[in-house]
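Colleague: Next come the chains, spelled out residue by residue.
Protein chains: 4
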Amino acid sequence: MVVVMAEGASEEQIQNVVAHLVEQGFDVHRSTGAQRTVLGAVGAGRHRDPRLLEVLDGVNEVVRISEPYKLASRTFKRDNTVFDVGDVRIGGDEVIVMAGPCSAESEAQVRAAAAAVKRAGAKIFRGGAFKPRSSPYSFQGLGEEGLRLLRDASNAENLKLITEVMDLSQIEVIDKYTDIFQVGARNMQNFTLLRELGHAKKPVLIKRGISATIEEWLLSAEYVLSGGNEDVILCERGIRTFETATRNTFDISAIPVVKKLSHLPIVADPSHGAGRRDMVAPMARAAVAAGADGLIIEVHCDPDHALSDGAQSMFPAQFDRLMAELRIIAPAIGRSICLEPVRRGGWGS
Amino acid sequence: MVVVMAEGASEEQIQNVVAHLVEQGFDVHRSTGAQRTVLGAVGAGRHRDPRLLEVLDGVNEVVRISEPYKLASRTFKRDNTVFDVGDVRIGGDEVIVMAGPCSAESEAQVRAAAAAVKRAGAKIFRGGAFKPRSSPYSFQGLGEEGLRLLRDASNAENLKLITEVMDLSQIEVIDKYTDIFQVGARNMQNFTLLRELGHAKKPVLIKRGISATIEEWLLSAEYVLSGGNEDVILCERGIRTFETATRNTFDISAIPVVKKLSHLPIVADPSHGAGRRDMVAPMARAAVAAGADGLIIEVHCDPDHALSDGAQSMFPAQFDRLMAELRIIAPAIGRSICLEPVRRGGWGS
Amino acid sequence: MVVVMAEGASEEQIQNVVAHLVEQGFDVHRSTGAQRTVLGAVGAGRHRDPRLLEVLDGVNEVVRISEPYKLASRTFKRDNTVFDVGDVRIGGDEVIVMAGPCSAESEAQVRAAAAAVKRAGAKIFRGGAFKPRSSPYSFQGLGEEGLRLLRDASNAENLKLITEVMDLSQIEVIDKYTDIFQVGARNMQNFTLLRELGHAKKPVLIKRGISATIEEWLLSAEYVLSGGNEDVILCERGIRTFETATRNTFDISAIPVVKKLSHLPIVADPSHGAGRRDMVAPMARAAVAAGADGLIIEVHCDPDHALSDGAQSMFPAQFDRLMAELRIIAPAIGRSICLEPVRRGGWGS
Amino acid sequence: MVVVMAEGASEEQIQNVVAHLVEQGFDVHRSTGAQRTVLGAVGAGRHRDPRLLEVLDGVNEVVRISEPYKLASRTFKRDNTVFDVGDVRIGGDEVIVMAGPCSAESEAQVRAAAAAVKRAGAKIFRGGAFKPRSSPYSFQGLGEEGLRLLRDASNAENLKLITEVMDLSQIEVIDKYTDIFQVGARNMQNFTLLRELGHAKKPVLIKRGISATIEEWLLSAEYVLSGGNEDVILCERGIRTFETATRNTFDISAIPVVKKLSHLPIVADPSHGAGRRDMVAPMARAAVAAGADGLIIEVHCDPDHALSDGAQSMFPAQFDRLMAELRIIAPAIGRSICLEPVRRGGWGS
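Residue numbers (the working numbering), protein chains in the order written: chain A, 1104 to 1452; chain B, 1104 to 1452; chain C, 1104 to 1452; chain D, 1104 to 1452.
The shape of chain A in the complex, shown without the other chains:
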């Protein structure tokens, strides 16, 4: 910690701050300038709240000199985290696409969606059985029946499955069906849930909270990592700003920033980032161009009748076209994307 004293701080005030720091177990280096005194505190006290010093008399500013997270930082682990979910490698050279409907609604709907996204080159199927909805009057998901439908469809198409867990009490049942746990934006700081997922044996994808700083997001990852689960994926999905022309502001710069600060893989969710079907493709292309390790996209064969998020779900033909565009972009940054797409029918043009 570095404590910058105010200009004109008295010797008594400086000694009081030094005493506080020493009491906390720090070694203190004092640097006296013409105008200001600066105190460098080194040693223990890693997680001390800097505001406690800020309110002392004569203190101008306090600066932490280490990130509050450790296991998630690139300082701790220089090399990118890469892991496998069955035959799918996360964090490697290939950009991995996860796609599927917002919610599982019926067997037919789930099956059709799985077939469509497989055909276009997705490797992981996404879909929700428990839905966090801001209104108590909205569709809340099919529960375990939905999980069964999602699993069956994934198996039928040889896709891995990712689905959302909203609460501690759902971990056990979801664990029976899923390959990857998804923590939604609203639960990014549900620490009880995160702590428990630190003991799970499967990867955890953590969406960024709608107004979470990148630092807070990495601290949430730290909750899972510190429990012993090293397979964490971060997912940018848009932040809340003053702009109302889009539902959220997709924070494209979070991708290179996370790559710099952390070794964890980062994927992007352009569906929530944009909030409208016609904005999903440009955001998806931008995310890959900026260096994302993967994408998670909502696709529905009949989005106009979807029970949730229909407006931001792509038609299969749109998704197919997008995948073709991504295959051109990925090599620009030395990546590939699903090199051998399975072309049984053909949706797009």
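Chain copies aren't distinguished; within one or between two, either way the pair holds.
Taking lysine to aspartate or glutamate and the DMTMM-like style, the derived pairs with C-alpha atoms no more than 20 Å apart in a straight line are:
#1 1362 to 1157
#2 1363 to 1157
#3 1362 to 1110
In short, the hints are calculated from the structure, not lab data.
Dock chains B, C and D against the given chain A, drawing on the hints supplied.
Modeller: Just chains B, C and D now, with coordinates in the frame of chain A:
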């Protein structure tokens, strides 16, 4: 819902939108202007996602004509909600002050804080036993032992108690000790928790999420209300903006806005709103001047050694002085504040 | 400046940073910890861009240890700036109220407004002759004819006058009529204009830009102060956030923050802060309770027919009632507000 | 305009609103539902402030049904605006790259930068002679001497020139040297300046204000268009949000949104959007992938010693590598980028 078609939308596009609305169970009124056609949709479909219509061809904009919440709205209930917690009336003419430490740390600390806030005129004791901390390495609270300390101190001083519940699994134990459940800002959209608190027999205070719109906040209240629990208190505690000079931006205008939209009582938390001890008093005075029904304030007898939030906790003498200032301000808007403060000792001046 | 090196930074990287600092004229103190090296740079280079160091290899973070402004800071001048505009003292014990219509529209309208605000206790008349409007098709003000109307009405009621200057080219003509120059939020970083107002012989009120940090705002004041004009007033008028229930978010905490960082007087504009007539009174009361040195409020005798900002203009009777409430609140913080209001007729009820 | 009355609004309140609308010259269609009455107002009154109706008794919400801008909208002009600056086509199939130093500092620096960006494939040279700096103590530019250096270097390399105009008073001198006028983010709502540029005979590039909505930005374009100058370019350069890990949040979604709402070309400024050299390339790639018509990038041959914005200026070798990446990405969306780069020496590695 009102659907505004784009200038130059074709008759076919208009008919397509009409068909969609009729399919959803709406009656449609069509208004054809020189430049644009406007469709008014009345009837059912209260909770339909307007974005589904926005992505149809030829549609310029879709406007909801009713709020997405119902029980929380002043349209539904014109008179202010007023209820009693023992002998303390919430939402009445008196401005109610809740005060106490961030966390229960020890018996001596809890007792001293309770005595101090009682003396100054607080009616409800606040303190946490389960703490949501953004870092997994921070102090996480004393758990049930903390609840016991808080209850005993409240009883000793004849104060009511409010304490935070972070998760579904904590409701049962907390219910044994508390008078009011507090839902923290990070849990404002923990819908599983809110739904369960709708069945609780005690009031629920819901803090505004750090980036929640007022509409989303009222929808969270709706989750509790729709479960049958009518005793909901809203609590403004600052929102996240670009300004970094303060920890949060205390949204003072939320107070009159909520008073207009809803019948629920609203209190303010200037401690979190300001984030620094020296900013708490001005924010508290401003909140009462703007019409808040109460305040919730962190007070600690030795804040420099508090295990959490010490920087924003007031010294008892500061709190005492603040209460004196508030007693002058409240009458300006026809309110009172703790008319007969118990003056056994006397802290500040 | 304090430069925090990354954990594991090489000796070569550290030496490179030291060399840069020395080249810039700094004295460098080096502090080597177990995990990190911290470099303290003292001396010249006050206005050096810290980002230049941040992009050097091995640098983790760079922290300025002095504010970028000087003349505006409380470090530079401990006592509050207090000055007189004729018989009106700005920054003293009395809370000064400036009020009047958004724009001058006609002689009758200006005269009626001036009489109404004088009667209620305002000391300074406000009104615009040159209007910055976001649409090129909106009413743009009466120009010099408007200035004449405003001056005449001020003289008739023995009020001082404040009016907005939008551009360098308007300074000369406005100087003939006004007592205080007002710089609008959109011009807060029009540095050409600010620099010129540094040579004006009259006070300058600078509104905070809609997304300006408090630091940037004080830097704008610095432009005027560094030109030799010491009579600067700051004006909080709301910032842009994600919340859409109000036009702007009135940043009430800016008042105590500015009081701490600077010696300059600060007033509040609750009309723009709220954007709606029915929200102006609570925001005005809150601003005084938080310690504002004054208020600037839009009042119009027929706001429904105002040519600009009618929705946020108060009726005279509302303004009168507000002034009565403020007279109760001000003493809570040791202030007064227009002790002897002139009561010739009587509006409120 | 559509006026949604509150539930339970009285007949008298409804008639009062109808009377207001008729007085403003609207035709009113009334739609009476079981719960609410909705009034559709068609006809004149395009630029009426909707808030004036919102404050009437019994009104719940007022919705504009037309954009406040006209000439800038795609409704007004369906086809993309495409125009030539000499032999450089803006808004066509080719993605145009503008590059150069932040400020002109010396002849050698300007010449070297021009040669470097030309070699890599830029078509337009950028550089400032008048600099808007938030601190009055920072380097403010070379003035006309800087303009001369920029023009000479552009001519020597057969590049077009874009440079910033900060104030009305600078238009005349800048017009002697530049090919395109640049309006900076801080001046986006300097309406006096914009109005005058509406009479200029050269294209105007308008950067988005740091907290401007897309609607406000298009209204600023409207100021120029309504003066008769049809050659307007929009430039996204990042918005201000709560995130502090980057200087600004580059709003990548603004690109497809502007493409939908307007016919004007849009370019991106990843240097200001990112604020750090190492984030510029990913943001530039993302912008092209999202559909930008061009880029404007800061390049400096010795950025560590640049007098302004050095931290965000690319080295020539970085810029060269970026151009190579962009040539791969552009075809993914049917665009090209500088097909025949001049390779005399070779920078990249």
